[in-house]
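Protein chains: 2
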Amino acid sequence: MNIGILGTGIVGQTIGSALVNLGHNVRMASRTADNPSARAWTKVTGKEASHGTFAEAAEFGEILFNCTAGMGSLSALQFAKTANLNYKVLIDVANPLDYSRGTPPTLTVCNTDSLGEQIQRAHPLLNVVKTLNYLNCDVMVHPHRVAGSHDAFICGNNANAKATVTLILMEWFGWSSVIDLGDISASRGMEMVIPFWLSLRNKLGTTDFNFKIAK
Amino acid sequence: MNIGILGTGIVGQTIGSALVNLGHNVRMASRTADNPSARAWTKVTGKEASHGTFAEAAEFGEILFNCTAGMGSLSALQFAKTANLNYKVLIDVANPLDYSRGTPPTLTVCNTDSLGEQIQRAHPLLNVVKTLNYLNCDVMVHPHRVAGSHDAFICGNNANAKATVTLILMEWFGWSSVIDLGDISASRGMEMVIPFWLSLRNKLGTTDFNFKIAK
Chain A
16 MNIGILGTGI VGQTIGSALV NLGHNVRMAS RTADNPSARA WTKVTGKEAS
66 HGTFAEAAEF GEILFNCTAG MGSLSALQFA KTANLNYKVL IDVANPLDYS
116 RGTPPTLTVC NTDSLGEQIQ RAHPLLNVVK TLNYLNCDVM VHPHRVAGSH
166 DAFICGNNAN AKATVTLILM EWFGWSSVID LGDISASRGM EMVIPFWLSL
216 RNKLGTTDFN FKIAK
Chain B
16 MNIGILGTGI VGQTIGSALV NLGHNVRMAS RTADNPSARA WTKVTGKEAS
66 HGTFAEAAEF GEILFNCTAG MGSLSALQFA KTANLNYKVL IDVANPLDYS
116 RGTPPTLTVC NTDSLGEQIQ RAHPLLNVVK TLNYLNCDVM VHPHRVAGSH
166 DAFICGNNAN AKATVTLILM EWFGWSSVID LGDISASRGM EMVIPFWLSL
216 RNKLGTTDFN FKIAK
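Heads up: the protein sequence lines correspond to chains A and B, in order.
Each residue of the first sequence is one higher than the last, beginning at 16 in my numbering.
Each residue of the second sequence is one higher than the last, beginning at 16 in my numbering.
Quick caveat, the hints were computed from the structure, so don't treat them as lab data.
It is possible that some hints are incorrect.
Repeated chains share a single entry, so a pair holds when one copy, or any two copies, can fit it.
[Claimed, not checked] Under the rule of at most 35 Å between Cα atoms (straight-line distance), these lysine-lysine pairs were calculated in the DSBU-like manner: (1) LYS218 x LYS103; (2) LYS230 x LYS58; (3) LYS218 x LYS230.
Hey, can you work out the whole structure from these sequences and the hints?
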């Protein structure tokens, strides 16, 4: 498949490389057509990899990943242009983190709203599916880095889009459990779990962990 | 031991009854000396149970549980009086939930502060330990209601207080794993996990579940 990755950071690169390794064509995007990080990634990743502007990658992708820093996500999607987004699935793994006051980061939106909901409201015909956001990006695409059974979570307004994303998580990335938390408003909880995850990372000294729902 | 329970709702009653069943003397507290819920609980629970004002229960208890509704916790602790709180351990299981806009509730404080931190700041010589807050109260004191291994989390500024609470969780309530997330600022994450827990409850149709950290 042709896949667009919005964002050129470590999350975008890790997901992009995993997708190329699976045989997909991946276009990585930034605000400019020739972002140095994207260019370097394209060079080492091979001929299935390319890069361009947000609009070029959004047009290219049948499936899109939002791997931008959360504070820049709405802007990035505006640059991507509505016509390139409508009716597509956007897998939103971004977090609305604000590091301007140092660490730990705070959330720029939470409690009564979320980044996932903001993106969905800004692009009503885009099928936003929030998933994997609180995880380290290596765990996102290599869940077997974490021992034992553990769960991925998704939410979104469109059932078909969630079915597509569930298949991608299970068939492409190897997730064994995907729990559907409901409509896009569940993004609130999925983003607000970040401070808890950060406390656990500090305690455990690793990012190779995840939640398993015991019941 | 003599234990003070602040709050007369289902959480206070469930924890209070579990403590009486373990052989402890429990005094349940409200703003008034003869709260009807507290009186009814005392009557059915037996001679180890008693009730009184916040100040009376705080004076009585060697260990205190904050089981008030989060929006009333600071006020309840003010009524309990600093002299009755200083140097004691307060096990804070409360959540700062606001139902005034309906369900799901929002948090009255989050992101840059938390109820646990607010309580600790208001009572610097009280040893606040946040724990179990996001769980259903039956699971708090009967963790075996949830199958398999799963984790309790604690945080607080005083290591001795956390050691005491860890013993209480393991020896009295039967928790097999207690993860120390650090100082009281980790309350932020433990309270912000509530919306995620609520989404899971809606999905799973039960409150008998918990998080297990897979690593």
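Status of the hints after comparison with the structure:
For the homomeric pair LYS218 and LYS103, the shortest alpha-carbon distance between copies (26 Å) is at most 35 Å, but the shortest distance inside one copy (39 Å) is not. For the identical chains of this complex, LYS230 and LYS58 are inter-copy neighbours only, at 34 Å across copies versus 47 Å inside a copy, given an alpha-carbon limit of 35 Å. Both within a single protomer and between protomers do LYS218 and LYS230 lie at most 35 Å apart by alpha-carbon distance, with minima of 24 Å and 12 Å respectively.
Figure legend: structure checked against the earlier numbered hints; every hint is met.
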